[in-house]
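Enquirer: Listed below are the residues making up each chain.
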Amino acid sequence: MFRRRASTALIAAALIGTLALSACSSSPATSAVTEPIDGGTLTVALDRELPTLDVTNGLLAQQPVLILSNALYEPLMAPAAGGTFTPGLAKSLESDETASHWTLTLPDGVTFSDGSPLTTESVKAHIERLANPESKSSAAGQAAQISSMTITDDTTMVFDLVAPNADFASLLARTLGMITSTTATDKFGFPLGAGPFVVDEFTPGDSVTVVRNENYWGEPAALDSITFRMMPDADSRFQSLQSGDVDLIWTEVTSQFEQARTDDSLAVHAAPTAVSTLLLNLKNPKFEDVTVRTALAQAIDRDAVNAVVNLGEGITVDSPYSLLGDAQDIDYPKYDLDAAKKVLEKAGLSFSITSDNSPDSIQRATALKDMLGDAGVQVDIVPVEGASFGSTLAAREFEAAQLVTSIFSDASGGSLVAKSTASYNFTGYANDQVDTMLAEASALTDSPERTELLTDVSNQLATDLPMLWLTASNAGLIGSAKLAGVPDLSGLTLISVQPAQIGWVSE
Amino acid sequence: MTFAWLPRAGRSLLVLIVIAALTCQLAIVLPGDPALVLLGQESTEAQRAALRHTLGLDQNAVERFVTFVGGVFTGDWGTSFTSGRPVLTEILSRVPATAELVILSQIVALAVTIPLALHSARNVGGRLDRLVSTGTFLLLAVPSFVVGILVIQLFAVQLGWLPASGYTPFTENPLDNLARMVMPVLTLGIAEGAVYLRALRGAAIESLRAPYAYASIVRGASDRQLLWWRILRPSSSTLLALVGISLAVSLGGTLLVESLFAIPGLGRLTVSALGARDLPVIQGVVLFAAMIVVLFGIITDIVISRIDPRSNRGIV
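Chains as they are written, first to last, in our numbering: chain G, 6 to 512; chain X, 5 to 320.
Bound conformation, chain X alone (with noise of 0.2 Å):
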């Protein structure tokens, strides 16, 4: 029992395994020379070759896998063809904005959703209903950048009432990163809170289905008794696996939202990078969203065991 995780660590680190190698092959799967881009259109093929021999990028395939992994396992993750600095650390750099924005977008989505979600389904047809139902629709089909688009003009450019993008990390003035986060928390919130929303909603109509609902309301529970103590809770399998999943992807990087507001996160580092051929940094960016991937995986099953633990008995 206590080396029951075991077998999950291994697929795990199996599956982190394959991703590694698979990121070796970019440098031949990528089109675009890193050296001509590094160089120029100008420079000379005799300039280039001796600069791929510089970046490594004349090693066979097993070569850059063997000095790829073996250096993620000392700590050495590389270093970056434009910048010079180790990738992790420029990975590293760009967690606490990225994380930010994405925790805090769960925060907003979730805090929005659940009572919608609850009392919609509660009154399956009525205005709330109709009106909630007609707004996902609608969140849904709208692009998260032409959300942030309209929200940067309505509360930027018209009211004036909030800063248009642009990063300030919480350590340096806590203001200030909350007034320039607010629009990319709710441009990002809105677009995750509608699938939640659609989400948590049909699970809880099922639920409220259920004998023991039935039961609750004969023994004369109140609406929000019901709804937060007898519904919330074996309605929530869905909502937290996606949760789980859109934090993972989120955490790789939101890179609409991040160029929209020009927020220096991990999104915009992936594309930075595969914009200049910087090689150990995609390299680097892709395993690290691996990892984010995988862990929260884990973190996820462990939650909805014990929020649910129908769910290890194979019931839900």
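Extracted from the complex, chain G is given alone in its bound form (with noise of 0.2 Å):
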């Protein structure tokens, strides 16, 4: 459908920095087509199930509930086109030079739900909290990554970084950024927030019911209320979307986008976001000789995974920064089947492919094993159960195993995967050359340079071949045609959508 490539990742990547150098002003992506109305009620299905509301929990911060969490705990920032972030609640955050102090803005007037000051205090708290592991806080990790906190006055404070990170600007986007008061609760228990709703209903592990929050310092919401309920079954999501039973939903199944384009009651709202790859653990032996590596690479029809698995719906990906941008080669091998037959059938290869269980990745898995067979490979798959595959990564108990991330919606992606002592690099991946260019690039944020930097770890990375780039497939919302205010989602590599702009059209 519409193919970019790593320069205009870079560009984004780039742009990372500049608009972190300049005071951020601009608003995220919206270009709502028509505006909605004031009051009236919606009802959206989310695709997985909340035992809490308070932000700790990491379900919060996934991206299928985000929609839920902006509602409730509006972020310090949010997420723009290419992979670039803007102020959400924030007025501003600007990078010094090397990346490691950044300075927050908060604007003039900022409240919690129930009418208390927001100020750079509450930010601190809230961040403390979050690193206290007593919290079971899932940005624990990234609350560790900040040294110390200096408040200059109630709306500007300082973030001195333990390292250098050009792209902190996208951690506020999620837990990190979604401030709640550390001094008062709502009627649940749960901390407050100061979004545009408030709680009003929630029963765990199915529905969340959310008001206009009437202490809103911005912009009150168009809606009176949304419930939000937990249906874990896409099939069932669809088809109470397609009865009424609901009005928008989340999806990441590409046939249901397909026939919502067909549907003129129905609105698709979706980008290519979720990044698949297959990793190779180089400390099998399997995976030593980067000839056999590349042929692989070279066995695998993207293309093709992207017009079966994804139904074209998405993009082929060649690098970590692929989605941040347009246009610009990166040196990957290119689907040449009888190149890789001549290596492959040599080396008499089998190996596994280890998946997590849910059925788009198992079908991707299949595809996979059938290109692989064709060259001469014998392939199983290794279907595992969500909760585990983490920690069977994370234990490189794995030959082959296939990860689907939304880590590469901005440029801290390639450092996440490709760095040595990375948290998610499970391959086992070292390199010092590219481990000290993207230390440098971490530190920079000039533009041209910070580029160039990381043009060279997507080359670098498709020399090695660690992992094998596959595709990236649409995820986002599928909601009524009468919905106005819905976000233009198509330039994003992160779907954030915020709801107090959406609201019903006019009759």
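Hints are computed from structural coordinates only; laboratory data are not their basis. We treat Cβ as the ideally placed atom computed from N, Cα and C, and that holds for glycine. Any given hint might turn out to be false.
[To be verified] To give a feel for the contact side, a few chain G residues facing chain X, derived at Cβ under 8 Å: (1) Glu54; (2) Thr57; (3) Asn62; (4) Gln67; (5) Pro138; (6) Lys141; (7) Gly146; (8) Glu206; (9) Gly210; (10) Asp211; (11) Met236; (12) Ala239; (13) Ser245; (14) Ala399; (15) Ser425; (16) Tyr429.
Reassemble the complex: the two chains are provided individually, in unrelated frames, and hints are given to aid placement.
Expert: The following block contains the structure:
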């Protein structure tokens, strides 16, 4: 459909730095075609069950749930086109030249939903709470990247980082930036937020109803209330949407996007954000020869994977920065079955692909198995249940593994998988040159030099091939065509919608 | 005689203790680190170790067993890792939805099954019997989630008669509750009814061959009198045993139907707890389900012995 390559990624990555240096004042990419009317209710179906609404729970930072999290805990930063970030609740976020000291400025008059002021003291207390392991926060690791916080006044503070991080803004678009009160809670015992909605009803694992926050410091929400229903079954969500039982659903099921596009009563709001890769365990002797890894890459027809698994709705990717912008060629091995056969048939290779057990992942793994089989490789698929999949990867208890993730929504994703000590480096890849380039890029807010470094990293990864790049599949929302104000998601790399902008069109 | 229930109670308690001991091994047996699931991939090992200590995951199996069983006896089933709420509260909050779904589906299944099975048995090889036999085989062959999807497509999407999914507590809005329960109850009831129908039909055919059935016919009993007063009771042992097992197992959670129709029951609680490696909730749900199975096993035995005294004498 539309293919974006690394150059835009790098331009976008560069933009992050530029934006970070300049006082950020633009608003997120929202191109509402029609203005929504005031009032009304909305029912949204989420794809997972929430046992709590406390932001410490990692579920609230996951892409499908951000529409709810944003309603209650408007994050400091918001995603914009091409993997950049602009202020959300914040007024600005600026870095020094080393990307080690970040100055946050809050607008005047921001309040929590009980009307109490949200100041820089609140931000500091919130981050200290997340850093405490007893909070069981999924953002504890991110909070640990901050070495100290210095408060200048009620609206200005400085974050000093343990190490330079030019992508620090991205952290403030999720849990770290969803500021909650450490002194006041709502009627359910959850720390108060400063979003445009407040919790009215909550049944754990079933539903949440939020109503307009009458003390909201910004533009009030259009809708009176939103009910979020937790519906893990994808078919049931879509059927509920078709029957009018719900108005907006989260989905990553490609066939549902395709079906919705043919239905005039529905509108699709999605973007290719779920990147799939095939990780090769470099500690396994089967993959120690780069010639074999190159042949494996040549044996995989990524266009065919996109056509079969994503029904053409996604894009192919060839680097960690592919989502971030427009076309620049990375020297990634092209599909060449004959060349692959010459190497792989001689190698007599057989291995297993460990994959999470979602239907789409298994389908993709099956497509890979067929393609690699054509090149003379014997592949077995090992499905692993979601909760133990992360531990399996962390313990490197796999030969090859399929990883589907949204961490490549900004430039920090490259570091997470390619740095030798990074938390998502499951392949055991270690290249001093790449480590150095990534460290230098993290410390740079200078666009051209950072762009050049990240291009070099991409090319080095395409040469060393610790992981084989596949596709980015669509994820997002399908809703009633009568909804207005749903932002244009097509340029976004992280689907994060602020529901305060959504409402119904006038009849 | 007064204390005849004691051995049974003792065996039941032993079963529950064994299950409690086994569930305490989940922290070792289940793959996946709860601390990693909670803190995320970007957490440090030091942070995960601190959390493991806070959650008691570094206790040995004996310590965990003593803590868990001691807690159960004092009403403290532990605290959910993810919600921070007491486990018993989590479980009990999910019981009404599952109980309503299971009980209504049993009522529907029995209401449809009993007359069909009896009349089918009375006319073996007849048109109704052939239709019923084919229908039950078809229903047994089709998985309940497929039935559920088809039912939603027909009644919610195409006809728009019923809401597609969701749950409203009966006390909050009885009409909406019943409207939302129709399709899940049908889906579950159909699957169970097919099994009951096969069992009751077979038992009724046997009963109809018994001398007392001939005697009733000779005395001029109508079909209705024969089937409902002479055949149903002696044919019910297998059906009651099946209903007892089904009730017990279903109350532990009817996952597929709960997921498909977005009903916040015990099945969904179990799955989400497994996904989050919420060990206290997993332990609690397993023990709760075991208690239900034991309890319904006892109740079923009592009911069968009352309805069919032959079972006490080893005749059937």
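Enquirer: Have a go at the Met236(G) hint: is there a Cβ in chain X nearer than 8 Å to its own Cβ?
Expert: holds, 4 Å
Enquirer: Once the shortest beta carbon distance from Gln67(G) to chain X is found, is it less than 8 Å?
Expert: violated, 10 Å
Enquirer: Close enough to count: is the Cβ of Lys141(G) nearer than 8 Å to one in chain X?
Expert: Result: holds, 5 Å to nearest chain X Cβ.
Enquirer: So, as I understand it, the hint says Glu206(G) touches chain X; can you test that by seeing if any CB pair is closer than 8 Å?
Expert: Violated, about 10 Å.
Enquirer: Is the interface hint satisfied for Ser245(G)? The criterion is a beta-carbon contact with chain X at less than 8 Å.
Expert: holds, 4 Å
Enquirer: Restraint: Asp211(G) near chain X, CB-CB cut 8 Å. Satisfied or not?
Expert: Holds, because the Cβ-Cβ distance from Asp211(G) to chain X comes to roughly 4 Å (cut-off 8 Å).
Enquirer: Using 8 Å as the Cβ threshold, decide whether Gly146(G) counts as touching chain X.
Expert: holds, 3 Å
Enquirer: Can we keep the Glu54(G) interface hint, with Cβ of chain X closer than 8 Å?
Expert: holds, 5 Å
Enquirer: Would the stated hint for Gly210(G) survive a check requiring a Cβ distance to chain X of less than 8 Å?
Expert: holds, 5 Å
Enquirer: Does the CB of Thr57(G) sit less than 8 Å away from some CB of chain X?
Expert: Since the shortest Cβ distance to chain X is 5 Å, the answer is holds.
Enquirer: May I ask you to test the interface hint for Tyr429(G) with respect to chain X, counting a Cβ-Cβ separation under 8 Å as satisfied?
Expert: Nearest chain X Cβ about 6 Å off; hint holds.
Enquirer: Given a cut of 8 Å on the nearest C-beta pair, is the interface hint for Asn62(G) held or broken against chain X?
Expert: Asn62(G) check passes; min Cβ-Cβ to chain X is 6 Å, inside 8 Å.
The structure is inconsistent with the numbered hints 4, 8, 12, 15, although it conforms to all the rest.
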